[in-house]
Amino acid sequence: MINPDLLNLLICPSCGSALRDKESFLECTACKKHYPVENGIPVLMADRAEKTKR
Amino acid sequence: MSQAAAYEKWKSLQSHWDDDDFLKSLTPLMRLRYRRLDEKVLGYFQEAFAGQVKPLLLDLGAGRGEFALFLKDAGKDRGWDYLGLEPSAEQLAQRDIPTLGLGFVRGLAERVPLTDMTVQGVLVKEALDHCFDPAAVFQEARRLLKPGGLLIVTITNDQSYFKKLLPWVNRALKARQTDHLFFFGPRELQKLAQEARFDRVEIETYNYLKLPRVLERLIGALGPRACGFLLAATDRLGRALLPGLGGGLILRASVK
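As they're listed, the protein sequences go chains H and V.
The opening residue of the first sequence carries number 0 in numbering that gives the first Met the number 0; numbering runs sequentially from there.
The opening residue of the second sequence carries number 0 in numbering that gives the first Met the number 0; numbering runs sequentially from there.
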């Protein structure tokens, strides 16, 4: 679970849209890319995104 | 180095990023220099954040969280929010600090995954030379800062007096610093800040005391008080006699 204050600030590094917390990953609300959360740290790098739905 | 070459080199460095050797090699005098730099940076942000409730400081290239730890020691973890951004998984895995403020995000300083105008302060401490696109880092800092916000960049000065006096030593040092993609003097920093449309830019130099390592170790044995006095005195003298030619640079760029 990402700190809600932090989540409000974060954007998708690919398209710049807001993200939503899906527990083990963050999902872009626009392009639907998934970003992992590793040891509680969001990994927001475009080359780490996954397009496939989990 | 071209943009594409810098990015390829940066990518090749990411898989084995490790500054353990560097940190272990620091002499007491070098540690004191870094401590004094942290204190100076803290003072500038304190001034810029005066009267603001819970200002957010973004630390770009936060490494293993050294500045977060310093802020905690200084008691700023209660009044400020902090967010560290770092691309290296290895560095983040080595952080040994309690969670501070908003914590850490893994990402690029060249493409910060944060909404526009959300932070009061941006710090790029000894990290710009590790970035593959320094101009983008300045532009991102400008995009993220709220009106009245402050960017601080600290970096080694490639135009220091001792590098000018001993160019072959500088070449040898550069050859060893394989993780440094770019080198900066005051003019390069000024240009980057102006191109990113900062309203006010100030650059100062410090670290005028530069001696062979064996002498630095001897001086370090004098203790922090005497060393602090010596560092302050040489900086005052150096700035008067050799403006712009100290070993380190501090850039302050602000937004109206």
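Calculated from the structure, these hints are not laboratory results.
Note that the coordinates shown come from a computational prediction; the quantities given were computed from them, not determined experimentally.
Backbone N, C-alpha and C define an ideal beta-carbon position, used for all residues, glycine too.
Keep in mind that a hint or two might mislead.
Straight-line alpha carbon distances no greater than 25 Å define the calculated SDA-like cross-link-like pairs of lysine to any residue that follow [claimed, not checked]:
#, chain 1, residue 1, chain 2, residue 2
1, V, LYS10, H, MET0
2, H, LYS21, V, ALA232
3, H, LYS21, V, GLY102
4, V, LYS10, H, HIS33
5, H, LYS21, V, LEU101
6, V, LYS145, H, GLU37
7, H, LYS21, V, ALA92
8, V, LYS190, V, ALA3
9, H, LYS31, V, THR114
10, V, LYS10, H, GLU37
11, V, LYS23, V, LYS53
12, V, LYS145, H, ASP4
13, V, LYS10, H, ASP4
14, H, LYS21, H, ILE40
15, V, LYS71, H, ARG47
16, V, LYS39, V, SER1
17, V, LYS53, H, ALA45
18, V, LYS23, V, ARG199
19, V, LYS71, H, GLU49
20, V, LYS145, H, HIS33
21, H, LYS21, V, THR117
22, V, LYS23, V, LEU236
23, V, LYS209, V, LEU230
24, V, LYS8, V, LYS173
25, V, LYS10, H, LYS21
26, V, LYS53, H, HIS33
27, V, LYS53, V, LYS173
28, V, LYS145, H, LYS21
29, V, LYS39, V, ALA171
30, V, LYS8, H, LYS21
31, V, LYS8, H, ALA45
32, V, LYS145, H, GLU49
33, V, LYS71, H, SER16
In silico contact screen, one side only, chain V against chain H (beta carbon under 10 Å); selected entries [unchecked claim]:
#, residue
34, PHE103
35, THR117
36, VAL118
Simulated restraints, written as ranges between beta carbons of each label pair [as the list claims (entries may be wrong)]:
#, chain 1, residue 1, chain 2, residue 2, range
37, H, THR28, V, ALA232, 26 to 36 Å
38, H, GLY39, V, PRO211, 24 to 34 Å
39, H, LYS21, V, VAL168, 52 to 62 Å
TODO: Compare the distance between the alpha carbons of V:LYS145 and H:GLU37 with 25 Å, and conclude whether the hinted pair is satisfied.
DONE: violated (30 Å)
- [ ] Verify the proposed pairing of H:LYS21 with H:ILE40, using a straight-line Cα cut of 25 Å.
- [x] At roughly 14 Å apart (the allowed maximum being 25 Å), H:ILE40 and H:LYS21 satisfy the hint.
Task: V:LYS190 paired with V:ALA3 [C-alpha distance capped at 25 Å] - done: holds (21 Å)
Task: Consistency of beta-carbon spacing, V:VAL168 to H:LYS21, with hint 52 to 62 Å - done: The hinted range 52 to 62 Å holds for H:LYS21 and V:VAL168, with Cβ atoms some 53 Å apart.
- [ ] Decide if the proposed pair is consistent with the structure: V:LYS8 and H:LYS21, CA atoms, cutoff 25 Å inclusive.
- [x] violated (34 Å)
Open item on the list: Against the 25 Å threshold, does the CA-CA distance of H:LYS31 and V:THR114 hold or violate the hint?
Closed with: holds (18 Å)
TODO: Sort out whether V:LEU230 lies within 25 Å of V:LYS209, counting only the CA atoms.
DONE: With Cα atoms ~10 Å apart, V:LYS209 and V:LEU230 stay inside 25 Å; holds.
- [ ] Would you check the hint for V:LYS145 and H:LYS21, treating anything up to 25 Å between C-alpha atoms as holding?
- [x] violated (29 Å)
Task: Holds or violated: H:LYS21 to V:ALA232, with C-alpha atoms at most 25 Å apart - done: With Cα atoms ~55 Å apart, H:LYS21 and V:ALA232 exceed 25 Å; violated.
Open item on the list: H:LYS21 and V:THR117 were given as a pair; does the straight-line alpha-carbon distance stay at or below 25 Å?
Closed with: holds (23 Å)
Open item on the list: Hint check: V:LYS53 vs H:ALA45, CA-CA at most 25 Å. Holds or violated?
Closed with: Between V:LYS53 and H:ALA45 the Cα gap is close to 30 Å, so the pair fails against 25 Å, i.e. violated.
Open item on the list: Checking hints one by one. Is V:THR117 an interface residue toward chain H, by the C-beta closer than 10 Å rule?
Closed with: OK, holds: V:THR117 within 10 Å of chain H, min 5 Å.
Hint violations for this structure: numbers 1, 2, 6, 11, 13, 15, 16, 17, 18, 19, 20, 22, 25, 26, 27, 28, 29, 30, 32, 33, 37, 38, all remaining hints satisfied.
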